[in-house]
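J.: Here's the letter readout for the chains.
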Amino acid sequence: MSPAIGGTLARLDGRAKVSGSARYSGEVPIPHLAHAVLIGAPVANARITAVDATEAEQSAGVLAVLTHLNLPKVAMQPSLLPSLAGLAAPGHTFFPMQDDTVHYAGQHVAVVVADTLERAEHAATLVRIDYDTTPPVTLLEEIKDQAYEPQKIFGGLLPGRQVRGDIEAGLRDAEVRVEAMYEFAANHHNPIEPSTTTAAWDEVGRLTLYDGIQGPTSTQLTAAAFLGVPPAQIRVVSNYVGGSFGSKAMVWPHATLAAMAARHVGRPVRLALNREQMFTSCGHREQQRQHLTLGARADGKLVAVRHHKLSLTSHFDDWAEPSLQSPAIIYDYPNYEGIYRLGRGNINTPTFTRAPGEATGMFAMESAMDELAERIGVDPVELRLRNCSDTDPATGDPWSSSGLRECLERGAELFGWAGRDPRPRQRREGNWLIGTGMATAAYPHAQPVNPQRARARIYSDGSVIVEAGVSEFGTGISTAMTLVAADGLGVTVDQVRFAGGNTDMPNITAAVGSAGAGAASAAVHLSVTALREQLIGMAVADEQSPLHGADPAAVVVEGGRMALRDRPDAGETYSAMLQRKLVPDVEAIGNWIPPAQDVGHGMHTFGAQFAEVGVDAELGLIRVRRMVGVFAPGRVLNRRTAHSQLMGGMLWGLGQTLLEATRMDARSGRWANASLADYLVPVNADSPDVVVDTVEVHENVVNPLGVKGVGEIGVVGVAAAIGNAVYHATGYRARSLPIALDDILSQAS
Amino acid sequence: MRSNTQASARVETPDTAVVRGPGDVEVWLSVNGAAHRLAIEPRVSLLDALRDRLELTGTKKGCNQGACGACTVWVDGERVLSCLTLAIACERREVRTIEGLADGQTLHPMQAAFIARDAFQCGYCTPGQIMSAVALLKEGHAKDDSDIREWMSGNLCRCAAYPHIRSAIRDVRDGKTGD
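Residue numbers (the UniProt record's numbering), protein chains in the order written: chain A, 1 to 749; chain B, 1 to 179.
Derived by calculation from the structure, the hints in this document are not laboratory data.
Remember, it's a predicted structure, so these values are computed and weren't measured experimentally.
Ideal Cβ placement from N, Cα and C applies to all residues, glycine included.
Do not rely on the hints blindly, as some may be mistaken.
As the list claims (entries may be wrong) - A short, non-exhaustive set of chain B residues, derived as facing chain A with CB atoms under 7 Å:
# : residue
1 : R43
2 : C63
3 : Y124
4 : T126
5 : P127
6 : C159
Said to hold, decoys possible - Covered by chain B, per the in silico footprint, the following chain A stretches (three or more residues, Cβ under 8 Å):
# : stretch
7 : 107 to 120
8 : 297 to 307
9 : 670 to 678
Full structure from sequences and hints, please.
T.: As structure tokens, this is what we get:
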């Protein structure tokens, strides 16, 4: 039934990407283009007392210097809602340059526009801004005593406290308890393409924004709200996006500032963030601390979990990444208490960062599970199997699909887990201490709340174009949607062209929270099946068709040819019918209405991670030697690109575990390492070969094709698997990420 | 510009090169075999000259600090970071970018191998990866995987396609045409 879906089609945009012809948002040729450069505040807590732009304004080529003194006020401030909602989606409840207050270092305080980039950059150094400063608050340590429990977090979507059963009684009655504190450094996404927006107004006041974003509609609606311009007058184009990982999931002020600057100078304007500005202009994974207590029976069956988290957020938003959600339901236990606490500091609002919440929360959970396994002398895989739940423990509803047991078992087999000696410091190869570790992965299945649409059109020669306003930021969405369209319509892959990337196309939500493939495939599938019904309807109603008078339900389509299921000789191609009837094309819209919030099923994606590390006994160097990840993401649309995304996620997990930390200079309130030379991400030499596998599950709840998505789940659990492997190698139990070499040395010597 | 007057003073010693700039000057660049005349300030980097003046946007700007490798091109056959290279310093040299790698419509084997091995996702680091990968083979730095891992580590891929990048390089090294 699905000859194309599940195959391994090479990326259809591959040629454009390897030949350099793919144009990202800062690369579209536009005549008469001017360049804007942002100036960020060098201080974190201040009032602006004076601005002197005279010298900058007189500098060669300068067209304008915009500050809070002359930038127009925004029309309104939309509220912070995750872009999955399909509404305006500002990254924070704030717009810069509206008054003289500086809330965090790097906050935009001026925009300089000139005829060339070099002249804009130079003039930016000539703008003099005086500040009246106050000592900033930028560390978790500084706010922990003033922390508060928010009503809601995550754009108001999640409660600040979740409870089931009786946590005190559960922990009191537990035969074994594991309690630990976990510390997490702030992380930054650092896609290789810095966020860039090019803005062009036409002579009748319509705006085109070329924007690197996970969903063009989110930029359109957000800019419309800030600018007070109807969305119908704003077209957003996002053909290629050079990575995002959450940094382009929400719409940050630079997109609107580019439009304001272009309107001000009467020319198209390109505004590109530089690398340092990427650390202060589009969110981050917040610095956080988690306090976790597990209570279990002597056989390892969990009975109670208490999980508290403290996060550092901004002055204007109650943001914490939702770290507690997956640990709360991953295993079957009756007593639970999860509490988020926040403290406000001089820092930008944090945001989604790949596996937002689960990357940290599951590190705590699965590290503690490893301790529990050792304490009671049960194999770590066996301990997970004993705690697997067939229902969502929070509601008692069955899972829409799980596959966790299969992932654990398949992962153990692929990795060669059986027969592992659980004692630490037992394997040594020369100077290298060798250890292995594993962890469970889990990620909640998020659904869009509003209808998702796509449009399919077939021409009389049989060629097909399918459109939906998605953006391509590395997920391979266009390639996958080509497969979906081919199968649904009953044509071959090479007959279909899928196009996305702008807001003139049928509206679809931003691809965030691993929900992109599910939403887009639902809309595309419904569009092509509607088109197919229409075409079959035309054939059976047509006296000249071999299918005249047939029951439409008895007609099947393969290779673009309609035929009776029982009499394959009776039939004709779409193309033959349309040409005979002198119909140039037929078109249909697919309109997917996502299921209501309460579907009577728990919806979650599961997986299992395994890692082997070598730790240099003298230097403390940690090298991940191999990784195995097995996942149950529902229907896999394109095996090739899905496995690549899962592999990339696993290596993201490696980065989180061993390398990635943005460190705050508390005296200045500025990030101390805001560059790609100082913020370490995995390089080729860090990255071992990775084995990725998926297990099939029957999934028919989440969306028409049963797609749960693969963007985040690959990251989840990696940090614990590596951390547990480091413990196995050295006897050092990592409770702070990233793991520092000196921690290993002080313990392992 | 502020420095217009002070910097245009010329030192009158016989063995000193002619001072050009700081305003626009004529710069001839040979890129992918084609000669281009540009009117640019001497401070314009090769990267910005390629991207903003010649519309050769295949060469990418990831950090503008020489840390990510996305801007890797060849100058006289050597790989260089075009963000740290001034365009004016490339006169009378041959610049080769990703747009000049294919033979007409036929992709370079490394480009084809990157597609066959799915050695990229978002594609933004890819031109730099490919320019490094081809140079790596020529330099003899791809003897084994540890060699490739080390010598490709100047090119960051945030999508982390690294294992597939190694596969693509191995394929071209060993004369395989994909899987």
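J.: Are any of the numbered hints broken by this structure? If so, which, sorted upward?
T.: 8
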